[in-house]
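A.B. asks: All chains should be built: construct the whole structure from the sequences, respecting the hints.
These protein sequence lines map, in sequence, to chains P and L.
Using my numbering, the first residue of the first sequence is number 2, and each one after it goes up by one.
Using my numbering, the first residue of the second sequence is number 12, and each one after it goes up by one.
Hint data in this document are derived by calculation from the structure and do not stem from the laboratory.
Incorrect hints may appear among the rest.
Unchecked claim - With the C-beta cut set under 7 Å, the calculated list includes, among others, these residues of chain L facing chain P:
1) THR71
2) ARG76
3) LEU90
4) GLU153
5) ALA160
6) SER170
7) GLY184
8) GLN187
Even glycine gets a Cβ: it sits at the ideal position worked out from N, Cα and C.
What follows is each chain in one-letter form.
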Amino acid sequence: MDGENSCTRVLHFGGEAIELEPDGHLVDPGQWSEALAAEMARLAGQELGELHWWMIRFVRRHWLEYGTPPLMRAVVTAMRSDTGREDASSRTLYRLFPEGPIREACRFAGLPRPEACI
Amino acid sequence: MIDYIALVRTAAPAEEIRDAVAAAARFGPALLFAHGDGVELAVADAFDGRDGVEAVVCSTSWRRRHAADPPPPWRRASLVALFERLDRSGRVDCFGRGPWLCAGPAVGAGPERAGVPAPGRGLLIEIAFAPDGPDDRTEALEFVLAAAALELDARVLFSGSGRVHLAGADARGWRQLVDFDLLELAAECPRESGLAIPVRQLDGAAARQWRGDAGCVVSL
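C.D. replies: Put into structure tokens, the structure is as follows:
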């Protein structure tokens, strides 16, 4: 990663300059791809497993459909039904993304940082 | 223990809000919580702080409108600060777009009003006005989503021009509440209203019953 300044950073990936907000979210969500998400995670030291990918895709679909990130309650419900993990809970989500499940999933899904305080 | 809550969602009329809060604060601790456009009260010099009154702006609403911190005595907090106190308050007044509304337990004329048991249970969020622009639309939805995130015993009633929230493509955010069964939503309207979001439709008597059953009604 290079080209850092006080406002945004630039990630060079796949021959493109990807501009990132200071908090690491894409400036242009249209530049998102799963390959880019994998690279962002690698740079953040985050290993993405199957459940991580399920959540990233779910958060992205939710945003596109409803215009907001999902509530954790909704993610847990969907995770139980989609993946068969009956024991899924908010704790499961925090194990996946310890720094904040929804915010981190949004970041790797190429979405803006969630605005709401809850 | 907070005896009185003033939920402010409009910057005006500041005089009325100030007088109501000052009067209520004589009887016990009070919370003045500003949400949406109501956060402008913090910069309108309409409330200078007084003993027993906690002045709070919704952090998300504030961040949308201002970069710096709110001036003292105001502080930022999430909607949790409001919801945590709603069911323990003796009275809630909502200063919004319409005539200001009193909700929550019945309030007597004197200090004995504090702690009067609620006649019903749970929170009813009544959305009675059409959105006044994109921020207002977003902030009404955020208010309800916060209640859902906290798994409150809450229901949402759309009435009057508030039914506009459920119309057109902009209504899609509300649909998550239905699709994920997060809160019970209803609209006070005739059956043939053709809402974009499949919520329960109530006639006037049923809507009054919802209001009567609630321990606290917050009108947005």
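A.B. asks: Hints first: check each against the structure and report whether it holds.
C.D. replies: Now the hints, each set against the structure:
Interface restraint check: THR71/L against chain P, minimum CB-CB distance 5 Å, threshold 7 Å, status holds. Taking 7 Å as the C-beta contact cut-off toward chain P, the hint placing ARG76/L at the interface is violated, the least distance being around 12 Å. Taking 7 Å as the C-beta contact cut-off toward chain P, the hint placing LEU90/L at the interface holds, the least distance being around 6 Å. Given hint, GLU153/L at the interface with chain P, holds; its Cβ is 5 Å from that chain's nearest Cβ, closer than 7 Å.
Contact between ALA160/L and chain P, as hinted, is supported at the beta carbon level, the nearest pair being about 5 Å apart and thus within 7 Å. Because the closest C-beta pair between SER170/L and chain P is about 23 Å apart, greater than 7 Å, the hint is violated. Interface restraint check: GLY184/L against chain P, minimum CB-CB distance 5 Å, threshold 7 Å, status holds. About 4 Å separates the beta-carbon of GLN187/L from the nearest beta-carbon of chain P, less than 7 Å, and the hint is met.
Of the numbered hints given earlier, the model fails hints 2, 6; all others are met.
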